[in-house]
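J.: Protein chains in written order, with the working numbering: chain A, 13 to 124; chain D, 2 to 115.
Hints are computed from structural coordinates only; laboratory data are not their basis. Small disclaimer: the values here were computed from a predicted structure and weren't measured. Take every hint as true, because none was put in to throw you off.
SDA-like mimics (lysine to any residue), calculated; alpha carbons at most 25 Å apart, straight line:
1. A:Lys14 with D:Asp89
2. A:Lys14 with D:Glu88
3. A:Lys111 with D:Asp28
4. A:Lys14 with D:Glu60
5. A:Lys54 with D:Gln43
To spell it out: a stretch of chain A is covered by chain D in this simulated footprint if at least three of its residues, at any positions, have a beta carbon under 8 Å from a beta carbon of chain D; those stretches are:
6. 50-59
7. 106-114
Simulated DEER-style distance windows between Cβ atoms:
8. D:Lys65 with A:Gln82: 30 to 36 Å
9. A:Gln43 with D:His8: 29 to 35 Å
10. A:Pro26 with D:Ser74: 46 to 52 Å
11. D:Ser55 with A:Pro26: 47 to 53 Å
12. A:Leu124 with D:Lys65: 46 to 52 Å
13. D:Lys65 with A:Glu15: 19 to 25 Å
14. D:Lys42 with A:Gln82: 23 to 29 Å
15. D:Ser74 with A:Tyr83: 40 to 46 Å
16. D:Lys42 with A:Leu58: 19 to 25 Å
The C-beta atom is built at its ideal place from N, Cα and C for all residues, glycine as well.
For reference, the chains in residue letters:
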Amino acid sequence: QKEVEQNSGPLSVPEGAIASLNCTYSDRGSQSFFWYRQYSGKSPELIMSIYSNGDKEDGRFTAQLNKASQYVSLLIRDSQPSDSATYLCAVNRPGTASKLTFGTGTRLQVTL
Amino acid sequence: GAVVSQHPSRVICKSGTSVKIECRSLDFQATTMFWYRQFPKQSLMLMATSNEGSKATYEQGVEKDKFLINHASLTLSTLTVTSAHPEDSSFYICSARAVEDTLHFGDGTRLSIL
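Given only the sequences and the hints, what does the whole structure look like? Please build it.
T.: Written as structure tokens, this is what we have:
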């Protein structure tokens, strides 16, 4: 089992729709969870961080965490073509604050 | 603007060449920086943790004599790929840890070994 699993996609959604991206992780000791957006050939940029169970909203983005199910998701409302990118889920390695394990990413395509 | 500068952005060189990549934190001091490698369509894989003033710690399977890391100041870490071969061709990305454990990523270096 991979430490951080994501569906590779592509996930295709029409402009204006809600995009739902999912991630599961294997180590229950992880406490910090992150969503990064990565455009082709570029470095990841942080979209959201979440540390507690429940929802966290920031603009069009909502992160959801369920530690019991070892599941974290990212919702993007009113999807725009500029949201088309690969979204990486990352979790901290237990016992460390900044060592992150990344998933392979989900490629999102927002169509006109 | 960018808070972590990584240079060069792209390198193409012959097999056997050693290549140095720099990672600078521009407006903060970073006692810890991380080096990642990303192969096409794969995720970022942590290679090593660079600690200012001490030896880097390498992840399992990463050759420390192949990938030399130096973190001589609070704003600069360097990764040198020694005697690079085609299989070392990859996208190398650094990140620097700022206050409250926030990570800032560099723009990456695309290394192509012919």
